[in-house]
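Undergrad: The chain contents come next:
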Amino acid sequence: MIVETGHFALVLALALALAQAILPFVGARLRDVSLMRVARPVAVAQFLLVATAYGALTYAHVVSDFSLVNVIENSHSLKPMIYKISGVWGNHEGSMLLWVLVLSSCGAAIALLSRAMPDLLRADTLAVQGLMGAAFLAFILLTSNPFARVADPPWQGRDLNPILQDPGLAIHPPLLYLGYVGFSIVFSFAAAALIGGRIDAAWARFVRPWTLAAWIFLTLGIAMGSYWAYYTLGWGGFWFWDPVENASLMPWLAGTALLHCAAVMEKREALKVWTIFLSILAFSLSLLGTFLVRSGVLTSVHAFASDPQRGVFILAILVAFIGGALALFAFRASALPTGGLFAPISREGALVVNNLLLTVACATVVIGTLYPLALEALTGDKISVGAPFFDTVLIPIALPLVLLMPIGQMLAWKRGDLLAALQRLRAAFAAGVVALAAFGALYGAPVLSIVSAGLAVYLVIGAFTDIAQRVAQGNALARLRGLPLSAWGTSIAHAGMGLSLLGLAATGWGVEQIVAMKPGVAQEVGPYQITIEDIASRAGPNYAETYAVMALRKGGETIARIEPAKRFYQARRMARTEAGIVTLGLGQVYAALGEQHEDGTLDARLYYKPLVLLIWLGAVVMALGGGLSLADRRLRIGVASRARTAAQPQAAE
Amino acid sequence: MIWLLFALLTGAAVMSVLWPLARKSDAADAAAPDIAFFEEQIAEIGRESAEGRLSAADAETARTEAARRLLRARGVSSGAAASSRRNAIVAAASAIILIPALTLLLYGKLGRPDLPDASLEARLEAKPGHTDIASAVARIEAHLAEHPEDGRGYEVIAPFYLRNGRPAEAAAAYEKALRLLGPTPHRHNALGEARVLASEGRVTAEAMSEFDAALALDPKSAMARFYKGLEAAQTGAREKAEQVWSELLADGPADAPWRPRVETLLAQLRGAPAPESAPASEEGAKIAAMPEAQRTDAIRTMVERLRGKLEQDGADVEGWLRLIRAYSVLAETEKAKTALDGAHKALAQDKDGLARVDALARELGVGG
Amino acid sequence: MTRKGKRLALISGALAVLAIAVGLVLFALRDNIVFFYSPAELAQKHVAPGTRLRIGGLVKEGSVQRGDDRNVAFTVTDRTADLGVTYKGLLPDLFREGQGVVVDGTLGADGAFRADSVLAKHDERYMPREVADSLKKQGVWQGEKK
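Protein chains in written order, with this note's numbering: chain A, 1 to 653; chain B, 1 to 368; chain C, 1 to 146.
What the hints contain is simulated information worked out from the structure, not anything from laboratory work.
Please note that a few of the clues may not be correct.
[Said to hold, decoys possible] Each computed SDA-like pair below joins lysine to any residue, with the alpha-carbon atoms no more than 20 angstroms apart:
#, chain 1, residue 1, chain 2, residue 2
1, A, 518, C, 70
2, B, 109, A, 2
3, B, 335, B, 311
4, A, 382, C, 52
[Stated by the list, open to error] Some chain A residues close to chain C (C-beta under 7 angstroms, calculated; not the full set):
#, residue
5, 356
6, 364
7, 367
8, 389
9, 577
[As the list claims (entries may be wrong)] Here are some, though not all, of the chain A residues that point toward chain B, as calculated from beta-carbon distances under 7 angstroms:
#, residue
10, 2
11, 3
12, 37
13, 116
14, 118
15, 391
16, 528
17, 535
18, 536
19, 578
Note that beta-carbon positions come from the ideal geometry of N, C-alpha and C, so glycine has one too.
Work out the full structure: start from the sequences and follow the hints.
TA: Rendered as structure tokens:
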């Protein structure tokens, strides 16, 4: 009964989503307040129904109800509880249901948190949100129904892929989805602004927190996915330019651009059209990512659904929404009122450059991801576009961007003084150059790593320069307290970017060795020596493993022991390498086993990765900065100052 | 009951549409929230400037700008939106009709309201008397999920897995039994054998390590020695295989059940022509070892015994198939035909069985 | 600057960045793209030695030879043509004879392929798409095992 109630609730949610799409929209056109106000309770009710369905599916997984095809195929009665729950979204049908759950929760959130919003904007926004919900609910019910039943249930299910039974993977998809789908709100706001023909600072004020929230989740989701790949796939890489990873990077880049653009919009009412465009872009790229992953167009580790019918359905949704929004944009954008003016050298100008570079970077990733597909469709040639392509294009875009980040922070709104900004950054430049020299002297090569590390140090110092100089004037404590949270947010997020960059730069100084190790014979890895002390086998809950006990020494002293292993999962007859990782400060030593030879030697990959943790810590710091910014509820106006910029730092953040 | 629940849900959903329509909406000025926003912004500037965080000049600039926006927002203040009774009625009516209609239509197509929930626990409790193998396995699995340290449970369940063609899971279960209950030659052997079956009959290194462990505990273990020989034979070490198996035959009791199989394999290894199909039983192996004339007699006796059995109980399709094939091999066409007729009578109810018998008869040319 | 002048400056700046980016993309696409062939396609194409390629197929049964110092030689086949591959390094967990494999590397003047990376089938359901396609063409593919 619980299961079928969930099923019924899902169907009912589709009907309500259609009501949510139609009634408020019609109401908005007729200027009928009653009809417009239907949007709020319906959005909440639709969310509750989808939540009921999701709860019912989770219940079915938890109690191993094998009368559901979805449970048979993705669960097993002996699976640990956490993986029974995460198994709900570890498969195509369930993950689409989670997607819709997040979508409808976004709608409900707008409905509940939008007391101050004009009726018209709310009605149109929720109507667009409802239309999206209806499209995806129809997709789920017609092509990927998680509630499909069998009359004669079997007694056992077919397990979840062991590589997916991992805590990192259990939380990473929901985070990514919160990010992806979070942009749907921004998309709906943009569509509503275009339909209603009105956009101003108040609009941006509603949009910015949603953009920030989605961006925070996406940042964390990407970092989590990357760390998962790093420690499970066993070859030390953390980003593979796999199309599925690119699918999350594209909306992140667009979202980052949007974040900065929305700041301009809120404070200065400038760049309106551009903000709208980026809002559409960010969610369109999320949809594109969903399409790429879910349609099976690309085959990769994540492609657990390759069904052409589903692909066509998602493609239709994609074309309808992106095409519809862009068409609306083309017809209506020119009707939007133009915004505030600013000089090329100003905070706004700097943010325009930021947007330009981020958008170009985003376009590059889109091209690199779609070009192989297009080429194959047109000529039949199969190619792969990998790290070399992305490195060649993105590094020349990213490094100038980093160079400009602190400078932009220093410029005043409306018209800035470049020379003065540069002067104020003297300390940061000096620190960067010193770091450059120090790293150069220490490592000597590669040049890219040294330059990046110098830039990273400059960025971290530069991010806080503004705050430091403001505080240094007069009553430090009072000034510190008076600083708006969003100023802290900006600085911390930029510093996080700097930390990540430092971690990335340090990959150039890592050591990677593939060696045949003899037990008892020490092997140099960077500043450490690794010795195999023992090789043995043992049985785990659902696998058997061969592991090596390795001692890590530095200067004759044993620092740590690691146990890299090779696991064999009986039920799926699948092998998996379990890396042995030890964290030393911010760096790590990473060992993965290869084959064992008859003479007792063991092949192994050994890595020394200095500062590698900074890559992910930086992302966490970025998200923290975003969180602080989100907490800032103050309404401020970017203040244009008059020719005193050089002498006196401004309160504008 | 379930339909009542569905009706309640649908009612609640429709209510979420009707409620705002029924309420008397005060037609608020559409621009009011914008005006409030800019007023708030101006107030904020005042506060900042009062706290000294904003210089007077800057505050003045900001205030001017905000005031400009405020004026503009007031300017666009569109004609207050109204709500019409007629619109509300049309909307309410269509919601009352269309939402349930669409839901019932689609759910009627997709849903299975007739199927109850079937949680594993409930199903296991529901049929305690009835024990088919699958539910017994599920019952033990459920027990093991709660008591994962119960080694006996794993030992009990493993042979079920083997019989159901799930050797990999059998191996996993034996492995746990071994770990929890401690090593015995038998447990090592069972695990090794399950692993062999899991790798389609190949004696892998993993399987071999178990047999070696069994031999370490019991150097006489017949099963371990058998597989040790098999491993040698599979890897092409013929002499070693011959040696292991010959020793096994020499040591083992004369009536050991494994003896015929080892003998056959050994014979194959020594280059003897492999029998058309490996003798299926102990008796078959014995017969295969007899001299020619004696063998034919023995076979005839066996065939007659089979015929006697089938006359008593004719439902055994396999038996009939064997009987017909045997007569055909012995070139006793008449008897084969009689057997065919007998099968037709005995299997009149069993269409599938009959079809198989006829297919064989056609293949062998029995009964014209 | 006048309003028009500012806008002009902004637009031309944007165009300049775009032009540089397009140039970079084209440059990178020319130099960093790797074509994917099956052994049979490679045999027809007459690719110049030294070109970076990606080859997909099955590891031929009985062809894997392990040498000293982690040198491995094996044959990639699509059942129509074979290609000898040499590789130095660790083979992935799922590398097995008769299984799908994708190798990256360069074609030597002697017709042998020197791989610098070897990717194996990820799990029993996963087959590199390119391999599955070309095997389907050859009729060797039997569909996904469920």
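Undergrad: All hints, please: hold or fail.
TA: Tested hints:
1. 518/A with 70/C: holds, 14 angstroms
2. 109/B with 2/A: holds, 19 angstroms
3. 335/B with 311/B: holds, 14 angstroms
4. 382/A with 52/C: holds, 13 angstroms
5. 356: holds, 5 angstroms
6. 364: holds, 6 angstroms
7. 367: With a closest approach of 6 angstroms, the residue 367/A hint holds.
8. 389: The hint holds - residue 389/A has a Cβ within 7 angstroms of chain C, the shortest such distance being about 4 angstroms.
9. 577: holds, 6 angstroms
10. 2: holds, 5 angstroms
11. 3: This hint holds: residue 3/A lies near chain B, its Cβ roughly 5 angstroms from the closest one there, short of 7 angstroms.
12. 37: holds, 4 angstroms
13. 116: holds, 5 angstroms
14. 118: The hint holds - residue 118/A has a Cβ within 7 angstroms of chain B, the shortest such distance being about 5 angstroms.
15. 391: violated, 42 angstroms
16. 528: violated, 33 angstroms
17. 535: violated, 13 angstroms
18. 536: violated, 12 angstroms
19. 578: violated, 17 angstroms
Going down the numbered hints, you'll see the structure goes against 15, 16, 17, 18, 19, while the others check out.
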